[in-house]
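A.B. asks: These are the residues of each chain, in order.
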Amino acid sequence: MARLNVNPTRMQLSSLKKKLASAQRGHKLLKDKRDELMRQFMNLIKENKQLRNEVEAGIADANRYMAVAGSVMQSEVLETALMLPKQEVELEVSEKNVMSVYIPVFRPKYRTDDVNDIYSYGTAFTSVDLDGAVNALSEIFPKMIRLAEIEKACQLMADEIEKTRRRVNALEHIMIPDYQETIKYITMKLSENERSTTTSLMKVKDMVLKQSHDFT
Amino acid sequence: MSDLYKTAVIGDSASVSGFAALGLSVFHETDADKISKLINKLASGGFGVIYITEPAAALVSDTIKKYRSRKLPSIVLIPAIEGNTGEGMRGVHEAVEKAVGSDILN
Chain A
1 MARLNVNPTR MQLSSLKKKL ASAQRGHKLL KDKRDELMRQ FMNLIKENKQ LRNEVEAGIA
61 DANRYMAVAG SVMQSEVLET ALMLPKQEVE LEVSEKNVMS VYIPVFRPKY RTDDVNDIYS
121 YGTAFTSVDL DGAVNALSEI FPKMIRLAEI EKACQLMADE IEKTRRRVNA LEHIMIPDYQ
181 ETIKYITMKL SENERSTTTS LMKVKDMVLK QSHDFT
Chain B
217 MSDLYKTAVI GDSASVSGFA ALGLSVFHET DADKISKLIN KLASGGFGVI YITEPAAALV
277 SDTIKKYRSR KLPSIVLIPA IEGNTGEGMR GVHEAVEKAV GSDILN
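Chains as they are written, first to last, in the numbering used here: chain A, 1 to 216; chain B, 217 to 322.
Do not rely on the hints blindly, as some may be mistaken.
As the list claims (entries may be wrong) - Some chain B residues judged to face chain A by a derived CB distance under 7 Å, without partners named:
| # | residue |
| --- | --- |
| 1 | I280 |
| 2 | K281 |
| 3 | Y283 |
| 4 | S285 |
| 5 | V292 |
| 6 | I294 |
Derived from the structure by calculation, the hints contain no laboratory data. Bear in mind the structure is a predicted one, so any value in this text is a computation, not a measurement. Ideal placement from N, C-alpha and C gives every residue a C-beta, glycine not left out.
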């Protein structure tokens, strides 16, 4: 531990004591923040993992259909079929504050409410597997939105937890011990000064007495 | 505060063209430079969520890392038509490792 480079004066002592008090308070608050962030993060990350498994399975399903559709249809026809979508989706983004981490919240807004509008083509020239692929994707899409939201939240919270943990550790292991040691040093130095003043006064007193009365 | 954002899908055409039917903006790119530029353009161009296939994401991992700590856009890895590489799940584990200090998900 390093002692801070300050003059051992009473003014420094009182300012250091104030600093120590606020560092200890800050340490307690940050520790609470870290614990709460961690608790929420653990809940989120479990949901994140489960959701990712579901989404990956859903997309794998859709991809199987798509692979079959791609093999029975010409790629030009396939592309033409999907070229002009009827459905359009936009995301309404708001934000949520979790322990001063701002995480985005997505709410999808569809252009049309008709579920059949995901099929942007006539069924005459396209394979039924394409319908399957599109259908599978539309089923998994709400989960994909939630995944985007939750994955972002986890990343942001992980960053914040790391930052908070560093601050807590810096306060706990460096700043607070430094302050304590410096305060101790100043206190010792001050009392040492006091003792030395007392002894020199005693000495002077002796000398003065000796001179005036010629005692001893 | 709420704004309207769009959603993009990036990847090879076989993997992502199905998303066009749902009304998402689909971009077929397989070249690292172009994907990286595209992501930067989309991020500043009103896109809130970008889905990218795992093989495409592997080409531009630096660009994706850059956006990890920003609020928007949220870049999500999805499996491509060739199958799941597990890269997306690895991202989840990385977040845990960063937050907790060790990977406690099993």
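A.B. asks: Grab the minimum C-beta distance from V292(B) to chain A and call the hint holds if it beats 7 Å, violated otherwise.
C.D. replies: holds (5 Å)
A.B. asks: Against chain A, with CB atoms and a cut of 7 Å, does the hint on I294(B) hold up?
C.D. replies: With a closest approach of 5 Å, the I294(B) hint holds.
A.B. asks: Have a go at the K281(B) hint: is there a Cβ in chain A nearer than 7 Å to its own Cβ?
C.D. replies: This interface hint is violated because 10 Å lies over the 7 Å limit.
A.B. asks: With a cut-off of 7 Å on the beta carbons, see whether S285(B) makes it to chain A.
C.D. replies: holds (5 Å)
A.B. asks: Quick check on I280(B) please, does its C-beta sit within 7 Å of some C-beta on chain A?
C.D. replies: Nearest chain A Cβ about 11 Å off; hint violated.
A.B. asks: Close enough to count: is the Cβ of Y283(B) nearer than 7 Å to one in chain A?
C.D. replies: This hint is violated: Y283(B) lies away from chain A, its Cβ roughly 9 Å from the closest one there, beyond 7 Å.
Checked against the numbered hints given earlier, the structure breaks hints 1, 2 and 3 and satisfies all the rest.
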